[in-house]
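A.B. asks: The chain contents come next:
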Amino acid sequence: MAVAKYTFDLKTSGCGEVIDITPRVREFIQSSGLKDGIGCVILPGSTGVVTTIEYEPGVIQDLLDAMERTAPRGIPYAHDKAWGDGNGFSHVRSALYGASFSFPFSQGAPVLGTWQQIVFVECDNRPRTRRIVVHLVGE
Amino acid sequence: MAVAKYTFDLKTSGCGEVIDITPRVREFIQSSGLKDGIGCVILPGSTGVVTTIEYEPGVIQDLLDAMERTAPRGIPYAHDKAWGDGNGFSHVRSALYGASFSFPFSQGAPVLGTWQQIVFVECDNRPRTRRIVVHLVGE
Amino acid sequence: MAVAKYTFDLKTSGCGEVIDITPRVREFIQSSGLKDGIGCVILPGSTGVVTTIEYEPGVIQDLLDAMERTAPRGIPYAHDKAWGDGNGFSHVRSALYGASFSFPFSQGAPVLGTWQQIVFVECDNRPRTRRIVVHLVGE
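Heads up: the protein sequence lines correspond to chains V, F and W, in order.
Note that this note's numbering has the first sequence beginning at 29, numbered continuously upward.
Note that this note's numbering has the second sequence beginning at 29, numbered continuously upward.
Note that this note's numbering has the third sequence beginning at 29, numbered continuously upward.
Honestly, the hints are just simulated from the structure, not real lab data.
Copies of the same chain are indistinguishable here, so a pair counts whether it falls within one copy or spans any two.
The calculated DMTMM-like cross-link candidates involving lysine to aspartate or glutamate, where the alpha carbons are at most 20 Å apart (straight line), are:
| id | residue 1 | residue 2 |
| --- | --- | --- |
| 1 | K33 | E167 |
| 2 | K63 | E167 |
| 3 | K109 | D93 |
| 4 | K33 | D64 |
| 5 | K109 | E84 |
Isolated chain V (complex conformation):
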């Protein structure tokens, strides 16, 4: 049993960008030498989401549309009144849909469906450089 720790950086163009990070997660599992266990991906930050989705443009747009229904951009946010950075909706999306994602891995690969990718959903209202952290615990 061991822990393997990885980080990588992403440059995003701001809210609406959804990035497939599955290839990085696969690489990390392979380079760890671990075969079986549990992994956890987190954005250490409060304006992004980590989840899974079929990585195709249509459903990505549909996901963003749904977030627009639950935490729309064009309404008043108390966060914006206090801090003036205009990204209250970004914080709310992250708190609702989660900045971390956990998954089993088996035989040196994440357990995912064929049409299921681990993605980082940028929710902030400006381009960001993001550090993503992946920990693996297993054997």
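Based on the hints, put chains F and W in the right spot on chain V.
C.D. replies: Just chains F and W now, with coordinates in the frame of chain V:
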């Protein structure tokens, strides 16, 4: 310390079916011989949700109603225009509410409330056979 | 490799109270002696949420407002018709947004952003005493 890996299959009737999978999770922990640790349940697929709920018909209906508000069936989805399978809403529900669920286990049982069950929420628009994967890491 | 298990209690005033539990999680990691691994926080109960947010009053209000849009208090719930405890909305919020949260920890501290805290969101419609459980797996 060890990893224990389990899979099981579910037959679902399509969107609206919510299945209590806590008994299976309990069995797996017992048969692993592990007492304490962390477990992770995942649907390897992009049109279902794993979460917890009090498993009674009223609140299950309420959950489905809430999903209908945030990702309704009767609106246009870009996914459906591109792929024609009519389950854009299913993908969106899975991405928003999560295909995996993690939990602590202690003294050979999952740490859950008395009225709290781990459930698989079928979101797809047709009957599916689902493989669910459960990994346990602990001692 | 080892597992460390912790519990602590919270008194809440009911729906709308959001409590920063990061200090407790930090203490537990330090007292465990573990440096690197994965942690999991759960509410063993079906009417609360564990997530991360920038812990400032504005965005907390914004989060509560968003939950009010997706699982409002003033609408009929099947759960309430059956059980009469008036907290159908609380159950739905917990099922949608999650009663558990997982995170990596590194060098004896949770991997979080500077403005990101782990919080318990009380969703029930009355004051509660809550037991929160934190498990750590690592080395």
